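Whole structure, please, built from the sequences with the hints as guidance.
Protein chains in written order, with the working numbering: chain S, 14 to 319; chain Y, 114 to 481; chain P, 9 to 581.
The hints are simulated quantities; they were obtained by calculation from the structure and are not laboratory data.
Values in this document were obtained by computation on a predicted structure and should not be read as measured data.
Don't take every hint at face value.
Computed far set for chain P versus chain S, every beta-carbon distance over 12 Å [stated by the list, open to error]:
| id | residue |
| --- | --- |
| 1 | R31 |
| 2 | F33 |
| 3 | D62 |
| 4 | A72 |
| 5 | L426 |
| 6 | L434 |
| 7 | D467 |
| 8 | S478 |
| 9 | A493 |
| 10 | L538 |
Only part of the chain P face toward chain Y is listed, based on derived beta-carbon distances under 7 Å [said to hold, decoys possible]:
| id | residue |
| --- | --- |
| 11 | P63 |
| 12 | V471 |
| 13 | H483 |
Distance windows between CB atoms, simulated [what the hints assert, rightly or not]:
| id | chain 1 | residue 1 | chain 2 | residue 2 | range |
| --- | --- | --- | --- | --- | --- |
| 14 | P | D540 | S | P109 | 55 to 63 Å |
| 15 | S | F112 | P | A523 | 41 to 49 Å |
| 16 | Y | E287 | P | I58 | 40 to 48 Å |
| 17 | S | P109 | P | A523 | 50 to 58 Å |
| 18 | Y | H301 | P | D288 | 40 to 48 Å |
For each residue, glycine too, the CB sits at the ideal point set by N, CA and C.
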Amino acid sequence: MLRYILRRLLGLPVVLLILVTITFFLARVAPGGPFSADKNVPPEIKANIEAKYHLDKPLHVQYGRYLRDVVTRGDLGPSFKHKDQTVNEIIERGLPVSFQLGFLAAIFAVTFGVSAGVIASIRQNSWFDYGSMSVAVLGMTIPNFVVGPILVLLFARYWKVFNVAGWEELKDMVLPAITLGLPFAARIARLTRAGMLEIVGQDFIRTARAKGLAERVVIVRHALKGGLLPVVSFLGPGLSYMMVGSLVVERIFRIPGLGQEFIESALNRDYTLVNGTVLVYGVILVVMNLIVDVVYGYLDPRIRYD
Amino acid sequence: MTDSPNGAASAPDAGAAAATAAGTVAARDLGEPLLEVRDLRVHFPQRKGVIFQSEVGTIRAVDGVDLTVHKGETLGLVGESGCGKSTTARAIIGLTRAPIARVTGSVKFDGQEILGVGGNELRDARRSLQMIFQDPFASLDPRMTVGAIVSEPLRNFGIARGRESEGRVGELLETVGLSREHALRYPHEFSGGQRQRIGVARALAPEPRMILADEPVSALDVSIQAQIVNLLEDLRTRFGLTTLFIAHDLAIVRHISDRVAVMYLGTVVEIADKVAIYEEPLHPYTRALLSAIPIPDPAVEAKRRRILLTGDVPSPDREYPGCRFADRCPLRRKLSRTDQARCDEEPPKLHDARTGHAVACHFPDESV
Amino acid sequence: MTDAPEKANAVKSRGLWADALRRLFKNWMAVFGLIVVILVSSTSILADWIIPFDPSYQQRWVGAKPPGHEQLSVTNEVRVTVGSETDPRNLSTFLEGFGPDETHEISLVAHPPRELEEIWIKIYKSRKYPDRAPKVREIFFPTRRETLDELAITDPLHTLRVTDPLPKAIGDEEPEPFELPGGATFRVKKKIDASLLPLVDPERTAIEWFGTSAKLILQWERPARSENDVVRIFLRGRRIEKILMNGEPVEGFSAPGRDIEEATLDGEPMVHTHLFGTDDVGRDVLSRVLKGGQISLAVGLIATLVSVTIGVAVGATSGFLSDSQVSSASMLAGAAATMAACGIAGVAIGGSTPGAIAAIVVLVLFVPTSFVCRGERGLLGPSIGRLLASPLTTVDGLLMRFVDIIYTLPYMFVVILLMVVFGRNLFVLFAALGAVQWLTMARIVRGQTLSLKRKEFVDAAEVSGASNFSIIFNHIVPNVLGVVAVYTTLTIPAVILQESFLAFIGLTVQVDGEAVESWGALINYGLNQLEDGGGRSWLLLIPAAFMSVTLFGLNFLGDGLRDALDPRMRGKS
Ligand SMILES: Nc1ncnc2c1ncn2[C@@H]1O[C@H](COP(=O)(O)OP(=O)(O)O)[C@@H](O)[C@H]1O
Ligand code: SF4
Ligand SMILES: [Mg+2]
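Written as structure tokens, this is what we have:
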């Protein structure tokens with residue numbers, strides 16, 4: 014296991030190097046160049062800008078400097094479009110917000126998903142089972158850029174229980190967390206239900222029951238650990254879905270997070286910012302996936318990594 | 114040595130039964146060989162790794178098989194499941210090849226080497242050498258009509274097209290006991306037995322001289338097995354077909370074969386005339402297999418002594434310095450220490466222990 | 009000789025597909041999905057003919073109106089007689105509404121006389137048809153009629169500036185006598201439904217705009233039946249002084265104090281219903297949603313079709329030719345093709361030619377060689393194949409890792425990156441969506457092929473003398489078509505979703521410099537139009553409902569197909 018983790022960690026720089034390289038060159042081959050939007054920039058200003066971003070140097074020198082800055086100082090360079098701001102500053106501002114959002118959404122998804130799944134599996138074929146599973150299907154099919162606006166319409170515009178936009182108080186955070194968490198809650202509920210039903214049918218649970226253990230103990234102590242395995246394996250891909258989802262959610266609720274910055278930079282063609290955000294997303298994904306794999310290996314002794 | 118057809122003089126110490134067997138062989142002229150398999154080996158290398166592939170082992174599914182099938186005869190090939198029967202048949206007809214498999218040895222069909230050839234040569238060979246597959250459900254393309262399935266060889270070998278082909282398909286279906294109208298149906302509308310008939314019709318379509326039947330009835334209900342076996346016997350006499358009939362137990366083979374070869378772990382351990390195999394099995398493995406067949410006569414059945422094989426069927430992924438059967442052999446346990454050592458160290462060759470009766474055991478004359 | 013009862017004789021022979029269809033029709037969810045899909049796709053295909061309004065046509069004077077809003081419409085020419093209290097500045101606003109239509113020839117009649125310093129008449133220049141802007145033909149003053157030349161108007165398309173002081177006196181003279189031409193009927197009632205007649209600002213009445221003594225003369229030409237003949241003028245609470253048609257006054261409207269109740273022209277109603285309301289600039293929501301659906305579905309279909317065609321061909325070939333399970337030629341092909349797609353997109357935009365050429369070279373060289381050289385089963389034969397196989401397997405493996413790394417990132421990020429770099433045109437969208445979808449398709453088909461390849465019927469076909477080509481196209485492809493069908497119906501909603509996702513976050517595709525507004529863009533627009541208290545909710549709910557129902561339909565259909573084609577279900581009913 015340790016060897017596996019080490020090997021994955023060793024592979025990490027390679028992955029990131031490739032990611033940096035791809036994004037860097039992709040931005041440079043873009044037709045028109047980064048400043049094509051500023052059509053009537055005076056030549057001397059343009060020269061300044063080019064010097065500042067080393068655009069006057071050959072491509073490989075630019076790449077070398079960019080790489081050196083990223084590796085040695087974690088410096089992602091200045092933003093192309095936000096004057097006087099570095100990519101690092103922008104990311105430092107946005108990332109915590111996105112993390113909070115993701116964290117809240119994950120809490121919502123796991124608590125709701127797992128409890129709904131467990132209850133549905135205990136009361137198999139009850140109205141709760143059918144109801145929650147139908148809602149789950151809906152939650153997985155309706156995209157969050159439909160769910161979010163409808164929640165805004167109902168709870169922020171019509172009933173005014175929550176706020177329409179922003180990220181300061183709790184009233185700002187409820188709707189975004191639900192919007193982002195809903196598809197995962199749905200998927201987790203289904204996975205939990207299926208996993209629990211499978212486990213509950215197995216011998217050791219029947220043994221535990223036969224020993225006269227209380228149903229609650231059986232569920233919590235024995236069934237849950239096995240029943241949640243599929244949920245854990247879903248967390249890996251779920252994470253990347255959540256990142257994509259947070260792009261939309263941050264846009265719906267005008268949350269000043271990393272996703273919003275990414276979209277803005279994409280729309281403005283702010284190349285350094287795009288590269289920086291993509292890189293950060295890449296790091297988060299790779300690290301989180303590793304963690305999920307390790308946790309999975311810990312939970313399921315049948316899995317052997319080598 | 115191999116099972117030389119016109120075998121050298123039988124050993125002088127042959128028993129009475131052996132003499133009878135040899136006599137039978139002598140009485141029936143075996144004729145010219147149609148298929149000669151010499152030292153056929155099919156090894157499946159096991160690879161690992163994505164970028165730099167390395168070999169981690171080899172499965173020796175077939176490891177030195179010698180067989181001869183004579184014109185017009187039916188040779189039964191028997192052995193436990195996994196001993197390499199299918200692989201042998203598939204190698205003969207050119208379905209195993211590099212890089213999945215390493216195939217060596219020689220397969221002569223009608224005097225022509227067909228192992229390792231490709232393109233037109235292989236196609237020509239397959240026109241006269243066809244195969245019936247074990248699984249009647251997997252061997253028919255579910256998206257094709259029966260007519261299309263049976264006419265495929267006709268089209269591919271350029272035998273018949275259009276109306277003519279339709280007519281041929283009809284004839285073929287009737288030959289195997291189906292009706293012309295079935296040509297328009299799909300395989301899933303048929304029972305297992307009917308499907309196997311379709312497979313037989315397809316194999317007959319190019320009018321082959323020889324058919325490899327790979328456990329054609331194993332997947333069928335016992336009640337239907339006899340019908341298919343009868344059909345095959347029928348066709349054999351009608352068209353003068355040469356057949357390699359593969360089965361995993363000796364009971365079915367007894368009915369249809371002229372001679373029988375017994376396989377164990379990738380090699381042929383005994384090959385002889387049917388009567389000789391059933392009356393006087395020489396290899397301990399064959400004896401064990403035979404002892405497992407129930408005998409219809411209750412009196413005899415009561416006296417039947419079962420030889421139980423101990424241990425698991427070993428896997429073909431390693432080499433054997435001596436006899437492959439050694440660790441399960443009931444005879445070896447009764448041998449002296451030096452004889453046992455011989456079993457363990459020297460691989461027994463397939464040699465004629467009696468006239469036309471070859472066996473791969475150092476001690477064919479010891480009884481268990 | 010037969011070993012089973014001839015049950016097959018009684019039953020009519022059915023192919024597997026027919027069987028699957030029969031099962032599909034028993035699944036009511038799938039049938040619902042099918043119906044939705046048929047409805048949505050047919051309305052989208054026919055959108056250009058059935059939508060009542062040009063989706064980008066603005067009626068600013070209408071503003072946002074809820075579903076079911078009825079709008080009185082009058083075509084073509086309008087003649088306005090302005091009362092003495094009319095504020096000329098309002099006139100300009102009013103005329104703005106006549107808008108983007110060349111068929112409008114506006115005549116302005118100032119009545120009664122009044123001293124005006126200047127009148128600004130702004131005429132909206134159509135964005136959609138810049139060269140077909142409305143023209144002001146002439147301006148009537150009660151005492152004289154002036155043409156544009158006489159008024160020294162320099163830019164008739166944009167601003168009409170009238171500085172000439174109006175004459176002091178005016179008689180009650182009517183320019184033409186009234187006659188009723190055939191075909192036009194108006195019924196009159198005491199009080200007109202105010203909602204039928206909004207003008208500029210729905211809160212204000214027209215009386216305010218034109219003063220208490222305002223009189224209107226409505227006049228129109230026989231409408232030319234084109235997309236532009238849609239009704240343009242809308243009256244509210246005003247007395248109709250006179251109605252002219254084709255220059256002829258319409259009888260029965262000379263009496264003041266009557267209001268229009270219902271107007272028909274040649275039997276066709278002149279009240280148009282906005283079934284799903286209008287947005288804040290008065291665009292018809294139904295038209296916009298249908299047009300948006302057309303775009304969404306077109307993107308979904310084209311990207312899917314591209315990905316399916318390439319995916320099946322590449323997947324089946326590579327699966328059949330590939331020897332080991334791990335090395336995957338489709339990945340190689342996928343990497344090359346992604347690069348090529350980007351490169352071609354680069355060319356399409358006119359930049360980065362070398363990059364594009366490099367990408368195409370990669371595609372042209374690598375993909376075929378990877379198939380041709382793969383081992384002994386490749387098309388080059390054993391000896392060359394063996395020689396090339398090992399370095400190629402290595403390259404294949406390396407590229408596979410490379411692609412894996414790119415796809416470490418969520419796929420939408422890749423698409424966004426591509427759209428940022430290569431611009432927001434339709435081609436890039438297809439290339440970006442199609443390239444990735446195609447990879448998935450190729451993977452699936454490849455996996456299927458690998459397992460099919462081991463089926464005995466493939467061996468049987470080979471023994472029957474079939475060539476590799478014949479095996480792939482007669483046996484493998486028909487057998488993977490089931491999976492392909494299922495995956496295709498599931499890919500379409502996925503692509504629709506992805507395109508709408510992009511549109512929602514603002515990456516709308518642009519065609520001819522104009523943003524193409526698919527459902528995602530409409531939903532985003534609706535979200536931004538929401539008012540406190542839930543006002544204007546239809547702008548959000550209607551596109552959202554269309555989109556959700558379509559996605560449901562396609563997903564149900566896909567699931568139904570999968571169940572129907574599931575081999576385990578085969579033979580059961
Ligand atoms: N393509 C293959 N790759 C690896 N091993 C194989 C392959 N085909 C067959 N084998 C192995 O070869 C042995 C013989 O198989 P087979 O010829 O099918 O046996 P039989 O037909 O006698 O039951 C088995 O152990 C099987 O696992
Ligand atoms: S050689 Fe020895 S081990 Fe092998 S079969 Fe004969 S007696 Fe048994
Ligand atoms: Mg077999």
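Going through the hints against the structure:
no.: 1; hint: R31; in the structure: 21 Å, holds
no.: 2; hint: F33; in the structure: 22 Å, holds
no.: 3; hint: D62; in the structure: 26 Å, holds
no.: 4; hint: A72; in the structure: 15 Å, holds
no.: 5; hint: L426; in the structure: 8 Å, violated
no.: 6; hint: L434; in the structure: 16 Å, holds
no.: 7; hint: D467; in the structure: 35 Å, holds
no.: 8; hint: S478; in the structure: 39 Å, holds
no.: 9; hint: A493; in the structure: 20 Å, holds
no.: 10; hint: L538; in the structure: 5 Å, violated
no.: 11; hint: P63; in the structure: 44 Å, violated
no.: 12; hint: V471; in the structure: 5 Å, holds
no.: 13; hint: H483; in the structure: 5 Å, holds
no.: 14; hint: P:D540 with S:P109: 55 to 63 Å; in the structure: 30 Å, violated
no.: 15; hint: S:F112 with P:A523: 41 to 49 Å; in the structure: 33 Å, violated
no.: 16; hint: Y:E287 with P:I58: 40 to 48 Å; in the structure: 58 Å, violated
no.: 17; hint: S:P109 with P:A523: 50 to 58 Å; in the structure: 33 Å, violated
no.: 18; hint: Y:H301 with P:D288: 40 to 48 Å; in the structure: 59 Å, violated
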